[in-house]
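Asks: Since chain A is already given, all that's left is putting chain B on it; use the hints.
As you go down the protein sequences, you meet chains A and B in turn. Residue 16 is where the first sequence starts when you use our numbering, and the numbers rise one by one after that. Residue 6 is where the second sequence starts when you use our numbering, and the numbers rise one by one after that.
Which chain A residues stay away from chain B? Per the calculated CB distances, all over 10 Å, these: (1) Gln26; (2) Lys116; (3) Glu122; (4) His332; (5) Glu435; (6) Arg439; (7) Gln457; (8) Pro508; (9) Glu546; (10) Gly547; (11) Ser601; (12) Asn608.
Here are some, though not all, of the chain A residues that point toward chain B, as calculated from beta-carbon distances under 8 Å: (13) Asn323; (14) Gly326; (15) Asn621; (16) Gly681; (17) Leu685.
What follows is a list of derived Cβ distance ranges for each label pair: (18) B:Leu35 / A:Met374: 33 to 39 Å; (19) B:Leu131 / A:Glu37: 47 to 53 Å; (20) A:Gly50 / B:Leu156: 35 to 41 Å; (21) B:Ala124 / A:Glu353: 58 to 64 Å; (22) B:Ile28 / A:Ala349: 46 to 52 Å; (23) B:Leu35 / A:Leu586: 41 to 47 Å.
For the record, the hints were derived by calculation from the structure and aren't laboratory data. From a predicted model like this one, the values you see are computed outputs, not experimental measurements. Backbone N, C-alpha and C define an ideal beta-carbon position, used for all residues, glycine too.
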Amino acid sequence: MAVFDINKYRQMFLEEAEELFETIDTLLLEAEECGDMDNETVNSLFRSVHTLKGNSASVELSQFAALAHELEFFMDRLRNGELTFEESMAEILIEGIDALKQILELELAEELSDDYFQETKTALLSKISAFGEDAEEISLMIANEEPTDEYGLLLPQDDELCYGPIGGVSTVLNLLTTSQDDQFGMFEDESFIPVGGEDEFGFFDEPIVSQTDVPLQVSDSDEFGFFDDEPMPLSVKPELVVSEDDDFGFFDEMEVPKTPFAPVLETKVSAAKEEVKSVAATEPKKFKADSSSNSIRVDLSKIDGLMNNIGELVIAHSMLTQFTVMLEDQKIKADLSERLDLIDRHIRELQESVMSVRMVPMETVFSKFPKVIRDTAKKLNKKIDFRYSGETVEIDKAMIEGLTDPLMHIVRNGLDHGIESPERRRALGKPESGTLMMVAEQANGQMIIKLQDDGGGINVAKVTAKAVENGVIDEHQAASMSMEEKAMLIFAPGLSTADAVTDISGRGVGMDVVMSNIKKLGGVVKVDTEEGYGTTFTIALPLTLAILDGLNIRVGKEQFILPLSAIIESLNPSEDMIKHIGDKESEMLMLRNEFIPIVRLHSIFNVEPEHEKLSDGLLIVVRSATQKIAVFVDEFMNQQQFVIKPLDKNFRNAQGIGGATVRGDGSIGLIIDTMNILEKNY
Amino acid sequence: MSVMESNQMLTFKLGDETYGIQISKVREILTYPVVTPIPDASRWVKGVINLRGEVAPIIDLRVRFNTNEDPIYTNRTIVIAVKTQDMRMIGLVVDEVSDMENVELDRLYPAPDMGTSIAPEYLKGLFKKEDKMIVILDIDRILDKDEMQRLSRQSSGPSNVLSASA
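Same shape as in the complex, but just chain A (with noise of 0.2 Å):
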């Protein structure tokens, strides 16, 4: 599954430094022109240009990674105020961006001499060094440069992986095209150009792939179905196509008279490759990503306003209906209803094309391991199969950025304390290499992400103990937790077992981060854990920000909303499954095994209740972080998809309200955030 092929990551690298450059020039147009950077501009910048190096150096464009550190370096001094902003220095950083950007396309096209790279480099340092008061030292960095790169950012650069001049292939096929027509299908997509003598029309299989010596001529990221994951040179032999005549038995599907082609193709095939070298080396400017992609860039909040329109459709058509309700003439009330079913069916299509504009395949979340935790494991010099299954699986593209973050911490820690070195693995009979499976899939409406390593597992007895040292719980509460609870502490803010905090973990983000990520999703995260046989991390999170499954509830006069995803079970409760602590006030559960502390819904609310006796009303038991809660109302109604509306857009946010949707008639539902009121009850 997890094939290392660098030419899809240099792919999405690709795409986003596209976007970065976009930022990074508007913020700095925007310096240059009001002449002035406040903190958050040059935080911005800084965050930016950082994100490039980084991911720079992780699809090992090596040149293009050190010289963004420069830039890096000289933006994070403006940032700590070792600098103060000047006007020519917008200038300068715009410059620098412009000098990274053609060090990108050239290191792409692997034509960026080194000499080429140091004159720039040189220039920019120099540049740069004269608004510093170290200017000596600067310049003596710059003295002392070596052609190499310094900052450990280098991978191997043995890779052959070609990367031409985009359009060098359609520059090619027009040449060609041209000339013959359309008659030539052969560079499209599937089509190859064969190597070798007639007989090898395995085309690019790895055998004939050894043969090619031609160095790289023309390749196109377009053409990436091409290179699937193999990352195989791609060379082009365009002699060959026509010296050989055999060769045109490649071509017979499409009846072309062979003689008369090829001298034609001889000369235009060469000629196409003199236009390719000399177009690579006018204009290097043509990286684009994936231009030839049939999909086109929307900005979310685009897609939230088309979401928008639809929740209001979706209230008309409910109030259409509520009037249908009161016609009297029974026929065109059947034949109104008839139609607004159709339009009833309408609308939830539209609405469900709408929610799939916003998925995107867990791919995008996956893709982003493979290359981290190789590295990872070769700096703490472990063994680490990683696997990962339901890629195709799709989740909403606002998800996304919250998601990766609180995983890769997870996979992280994992990698640092759950796997065992490879020496350990072996003396406790287990393969060298530990195992780390990702596995997504949809169930129940949820989208669940499990994290699963086959390593030495949470030292429970440990991290309550430091639970314990810390004040986080209690003895007596350590006491009567389960192991369940106890591994949860992991997740209590300021809980760190590892005995030395390491570059791996211990960056400042800790598990408590990565569990309120998760709840800011609506998530929950779950631990299951076996000392000496691994950990598995349960990830929930609701399929979609925008839409909530949700059961209306009603307590007195007020109806509010509980989320679906939140619900365990509801019940009738006895009077002799009530019990109480002390005074009256607290009231709990007895449910089976359990003791699930009692929330009355009205008083919390301050609504006037139809039912004071707990017999007589309905308990919900609901979900959150790391307890049961027991929620009273008087009745539950109807279950229903909502839209989600934000409530502190106008307003602000209030205490156990977790957002508001619109309903059928009109009026604002309130949605429950079950975290909340146990926060505030509690």
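Replies: Coordinates of chain B only, in the frame set by chain A:
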């Protein structure tokens, strides 16, 4: 006061007095809709409504400025929907909407420190039109996010906010 600022005022009544807000802030005038009360909100926050697809709070200016301690809400109660500088949509309950007035903003009288139940910082000033007085409100100041949060913390704890929905 900038010359560019709109001097068209929408005037309305709270109790016996006439008040004005800049017409450029006003988005809509509607009758009192179905309001969903917000738990733990201040007395003058009646709840939220659906206003053009947005969840907008309804604030009763009469309660806010103590011109009517026990207001009633019928389907003839007037709500003025305003959009603040920071693009928040908020509904304001008033007694009645009166008229449009041209107000020369450079001819406002400063509000005295005493004599009004509305603190002077919420006012742009007083305008004298013949023998009438129009109190020009600084709506951005009144509806300021931080200001409202501060006040809601001060306001007396759990009042009977939810009974107002009837």
